[in-house]
Amino acid sequence: MSANLLVELFTEELPPKALKRLGEAFADRILNGLVQARLKTRDSGGMRIFATPRRLAAWIPDVLPKAPDRSESKKLMPSKVAFGTDGKPSAALVKRLEKEGAEAGQLRRGTEGDAEYVFLHQTIPGVTLAAGLQAALEDALAHLPIPKVMSYQLADGATTVRFVRPAHGLIALHGDRIVDVCILGLKADRVTHGHRFQGVKDIPVATADAYEEALAAHGKVIASFDERRAEIARQLAGKAAALKAALGAEADYTLLLDEVTALVEYPAVYAGEFDPEFLAVPPECLILTMRQNQKYFPLFDGNRRLTNNFLIVSNVKLEDPKNVIEGNQRVIRPRLADARFFFETDKKTRLAERVPQLATIVYHNRLGTQLERVGRVRALAQAIAQKIGADPALAERAALLAKADLVTHMVGEFPELQGTMGRYYALADGEDPRVADAIEQHYRPRFAGDALPGNDVATALALADKLETLAGMFGIGQQPTGDKDPFALRRHALGVIRMLVEGDLPLSLFDLVDSAFSVFPRGMLGDAHTDLETFVFERLRGHLREAGYGANEIEAVLCMRPAQLDQVPRQLEAVRAFAGLPEAESLAAANKRVVNILKQAEAKGESFINAEAGMLKEPAERALFEALRKTSLRANSLFKQGDYTGYLKTFAVLKAPVDAFFDSVMVMVDDHELRRNRLALLADLRREMNQVADISKLAA
2 MSANLLVELF TEELPPKALK RLGEAFADRI LNGLVQARLK TRDSGGMRIF
52 ATPRRLAAWI PDVLPKAPDR SESKKLMPSK VAFGTDGKPS AALVKRLEKE
102 GAEAGQLRRG TEGDAEYVFL HQTIPGVTLA AGLQAALEDA LAHLPIPKVM
152 SYQLADGATT VRFVRPAHGL IALHGDRIVD VCILGLKADR VTHGHRFQGV
202 KDIPVATADA YEEALAAHGK VIASFDERRA EIARQLAGKA AALKAALGAE
252 ADYTLLLDEV TALVEYPAVY AGEFDPEFLA VPPECLILTM RQNQKYFPLF
302 DGNRRLTNNF LIVSNVKLED PKNVIEGNQR VIRPRLADAR FFFETDKKTR
352 LAERVPQLAT IVYHNRLGTQ LERVGRVRAL AQAIAQKIGA DPALAERAAL
402 LAKADLVTHM VGEFPELQGT MGRYYALADG EDPRVADAIE QHYRPRFAGD
452 ALPGNDVATA LALADKLETL AGMFGIGQQP TGDKDPFALR RHALGVIRML
502 VEGDLPLSLF DLVDSAFSVF PRGMLGDAHT DLETFVFERL RGHLREAGYG
552 ANEIEAVLCM RPAQLDQVPR QLEAVRAFAG LPEAESLAAA NKRVVNILKQ
602 AEAKGESFIN AEAGMLKEPA ERALFEALRK TSLRANSLFK QGDYTGYLKT
652 FAVLKAPVDA FFDSVMVMVD DHELRRNRLA LLADLRREMN QVADISKLAA
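Position in the sequence shown (from 1) plus 1 gives the number in our numbering.
Honestly, the hints are just simulated from the structure, not real lab data.
From the three backbone atoms N, C-alpha and C, an ideal C-beta is built for every residue, glycine too.
Hints may be right or wrong, so weigh each one.
Cβ-Cβ distance ranges computed for the label pairs, FRET-style [stated by the list, open to error]:
(1) Asp505 x Thr346: 38 to 46 angstroms
(2) Asp430 x Glu274: 27 to 35 angstroms
(3) Ala238 x Leu264: 16 to 24 angstroms
(4) Arg341 x Ser519: 40 to 48 angstroms
(5) Gly483 x Leu244: 45 to 53 angstroms
Whole structure, please, built from the sequences with the hints as guidance.
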């Protein structure tokens, strides 16, 4: 009969940032192995995954002790080869039976097509749970997403095994029965181990179903990662509320919450505090120190200002946590003192005085130093500022100072604060606030959904910084390949797209790319203008797909390679509105037909421009010529006003004359002048209708 299965691998402390993934992969691999062995159905409903700092475990319901036997029919050879004229087995058949370990009584004859074959019918015994679980365990350990494998010797002093951390125990229980498996030199039993300090050391587990409760009751261990995380979150929220404070935006501390969940087995949250005098240090420094170095949760008041309180997630639950709290408060003080020292020391040297030190930092061995890069970004930021109406002098000043904080003590200690500290130091130096803000914001957007630069000076600098990077890396052949993008060029390109589109900036992408390449010394870069432009359009395609536009809608606009990306959303909305018209399908198909006719004509060397009314003979072509002329006058007026939707909708009236033209007019006639004029009429139709988008793509 089926029973529930419990597998636990007990180890030394596992890497916290990988623990959740390790637990999920361990359980999933074991489940998949059991399914493949036909010991378990694919449905994993009810499976429980456990992961603590010292264990990976899985509880899997309804596992069979032995997989069912199965029948197998294997085609061996044609009957005429298998048997002689006397009806006796041939030498070939006898040899094959020996190879298969089968007997003649297992043979059957059957027909496939027009020929008769001999089939071997066998009953394949189902695999035992011990064999199936052994294979599943070996597969699970071989494919875990382990950050770094270590080698260690077993107790025999001779055998070396490799795993993420030394393993010290293995449980495999099927109901109340131990499954005979072994891994990493460990033989399965039924003993687990409690909390290192507060639980029972050795805990016998009676059945697979008793595991989680036994650990909680006797071991002081919450085995489920998700339940432990929820318990920590509950305690954090309660402590914060008791202090009339808040934890801040959830997105800012969710990774820390995952990490501390992987560091404790029986969490307890305590509140600590530090000297309020440290609040004179920029809060970003204190927050980063607490979260990154100490794994503390800083607290904020109702105005989202940092307070001098913080929360500690401990692995011990005590009636009197005084020593734990005081110990952590003693630890945090020198950390905060270091941050204050760095800040005060850095302010003694102006940012402008630090700029020459950038000559000591190599940006790229083929693109020079950070100081040389600053010179290029200054020129580009100034040019962009002029185009978008920002103050060129402020943009140039911000570009000069933007990277100076890279040589400060604070950024040397916390690289994540580059830009942020530059803003504080710029304000301390008396720089224009717009310059200070631009120094901080020129890295934006750093990730999907991140805020854009908040003023035009910052926007000019952010565009310049990203475009210089893109042009430089493309110019030396460092384009992303496959999943590899070491210079984050995809992120830079998406940042440029978002600033142009969401910022509604009327700038030509092609002019920006030309300007970016122009700031490099002659001969430093190869000609990669087109490659970079194509790269940006590909990122734009992905961005628009995520925004919900269809592939044909996107292609209709982007195949035109629009210079101004800020117009693309309006063009797409116009295409979508046009596609909803009753006439759209017919006009799109007609456009596709026009494209094909003109392409074939061009391939044959035909030349055609501007249809002439005097050359029109058939009523249908005269009607189309006149309808196109009148419609274009109205449509072009709307196009100039930026009413792209109205522009495209105007052409709906051409459905009838276009259909009539193709029904009754032969384009490729023998008369050269007549053919040229009709081709010119179609070229006029294509040109007039497709200024916003290539409508023929909607028929793809």
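A quick look at each hint next to the structure:
1. Asp505 x Thr346: 38 to 46 angstroms: 43 angstroms, holds
2. Asp430 x Glu274: 27 to 35 angstroms: Since Asp430 and Glu274 have Cβ atoms about 33 angstroms apart, the given range 27 to 35 angstroms holds.
3. Ala238 x Leu264: 16 to 24 angstroms: 19 angstroms, holds
4. Arg341 x Ser519: 40 to 48 angstroms: 45 angstroms, holds
5. Gly483 x Leu244: 45 to 53 angstroms: Once the Cβ atoms are compared, 49 angstroms apart, the range 45 to 53 angstroms for Leu244 and Gly483 holds.
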